[in-house]
Amino acid sequence: MTSYTTPTKRLGLVIDLDTCVGCHACAVNCKEWNAGGHSAPLTDLDPYGPNATGVWFNRVHSFEAGEGRAGRTVNFPRSCLHCDEPECVTVCPTGASYKRAEDGIVLVNPDTCIGCKLCSWACPYGAREYDEDEGVMKKCTLCVDRIYNETIPEPDRVPACVSTCPAHARHFGDLGDPDSAVSRLVAERGGYDLMPELGYRPVNKYLPPRPGKPAPPVQPAEPATEGLSGFLGWVDRMLSR
Amino acid sequence: MHPAPSVIVFTVASGAGYGLLATLALLAAFGAILPSLWLGLVGFGLALGLITAGLLSSTLHLGHPERAWRAFSQWRSSWLSREGVAAVATYLPAGLLALLFTFFDPGRGTLAVLGLLTAAGAIATVFCTAMIYRSLKPIHAWCNHWTVPGYLALAAATGLALAFAVLGAFGDAAAGPVGIAAIVALAAAWWVKRSYWAFLEVVPGASTPETATGLGRIGKVRLLDPPHTGENFVTKEMGFRIARKHAGRLRVIAVIGGIVLPAAFVVIALATAQPLHSLAGAIAAVLALAGALVERWLFFAEAKHTAMLYYGATRA
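Going down the list, the protein sequences come from chains A and B. To get this note's numbering, take the position in the first sequence, counting from 1, and add 1198. To get this note's numbering, take the position in the second sequence, counting from 1, and add 882.
Since the hints were derived computationally from the structure, they do not count as laboratory data. Computed from a predicted model, the values in this text were never measured in an experiment. It is possible that part of the hints are untrue.
To be verified - Partial list, derived from the structure: chain B residues whose beta carbon lies under 10 Å from chain A:
(1) His946
(2) Gln956
(3) Ser960
(4) Arg964
(5) Thr984
(6) Phe985
(7) Ala1055
(8) Pro1086
(9) Pro1091
(10) Pro1109
(11) His1110
(12) Asn1114
Unchecked claim - Some chain A residues well away from chain B (every beta-carbon gap over 12 Å; in silico):
(13) Asn1249
(14) Glu1262
(15) Arg1270
(16) Thr1271
(17) Asp1301
(18) Thr1310
(19) Val1334
(20) Val1342
(21) Pro1353
(22) Pro1376
(23) Leu1396
(24) Pro1412
(25) Ala1419
(26) Gly1425
(27) Ser1438
Glycine residues also receive a C-beta, built at the ideal position from the N, C-alpha and C atoms.
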């Protein structure tokens, strides 16, 4: 299973950094669904203590980019990108880590994973999180147990993060099909790869923030009060104390 | 990167063990040491003991050590798997060579074939170990052309220092040339590590917060809020940070303690008679091993992973 072929169907996410409001709902709903899903449980250690840690498949960072008026605050959800060249898969010594031929989803078989953590070292994006309690590596499954699930209503057959996003900043679809809604969105908005220099060829794409509105004209400074004389001068001096 | 003790002990012990094994195997292959009970027991025993202890140590950090046998299956793509296969394959000629060398005298031809096979297996295994790290693109400090020479040179230096100590203790005639080879290997290790550290100073990794987020088109990128206030697996595993001044001192300790002093003690041993000869040889071997442990700890502690670019790191 360690060798893989790039499938024609390439399911993935398109994340719109322009509209993401940084509410963490995607991360929370991901945790909620996956705590009972394909890779369940997502163990938390010391959950009510001072050093709570746990397995999450989705983390929302906030960055500042640029300086001054040209600068932007950008909320940045980060999860597995289901790469076309997933070295997390090729470094796996047991074949527990694999890329599905039918849709390109990268998964871990928890029954054959030895918990060596090498795949997490091979992932530049920090997408894999080790479950210390279970002794196996875990990662985003692209909600493989939702998207093909015929027991839930059809509109809900999308990853949990996508279904819950209140800003509609997350889109799910087949990025291998140039005519799919997500592919058209990527083409239209200039969607890009993270760390393209490493050559992992991620399937997930990020849409850049739209250019900001032109900066408003600079407000004139407060009228100077210095040098006022008479009663107003006295009021100014009293209030300035 | 988090310097896990089990992996540091594994790479140093197995490196030294394979270095010693390759040295003894080549000496036996070319008839420079002759089959003998005590040299066989101590020399091959020490080599195979270090290798086995190292390999067992490497399973300590696994989440499921009982499934370790599965790691032999993916040799077509995984250097970790190849290392496992090479290690097990090397046991065959090495075990046979050790057995015949110690208890029988199978003759020059057999020793030559088994010795060359054993040495080739030992070198191949250390090469695979190094390639595990060499092939990890997210870690610039490992994914460069100094990693493989570093592992091979340190395995040779520690292995030859051990071989010199063992042969010196037996008063074997091969001790002299092996001692000189140990000094050459220590010098080579010093040169490789010095070049490696200079490389890290000069050549930065390709990835930055700008490429990691793709927001470089707007301007310089800095972390405003991390996703969580505590630690997670990624920050614990990839986020190990060592103070620069400590790294500098530890590099000096590794070079002085692990290379300069062992070389000096080999020189002392070569110039003196027993019992000082054996004592100085043993001190050289212990120092070389201790220095290699410091070097290997630094190899992990100083390495930065691109995932930390999402957590405020400015370079990886």
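> Which of the listed hints are broken here?
Replying inline: 5, 6, 7, 8, 13, 14, 15, 16, 18, 19 and 23
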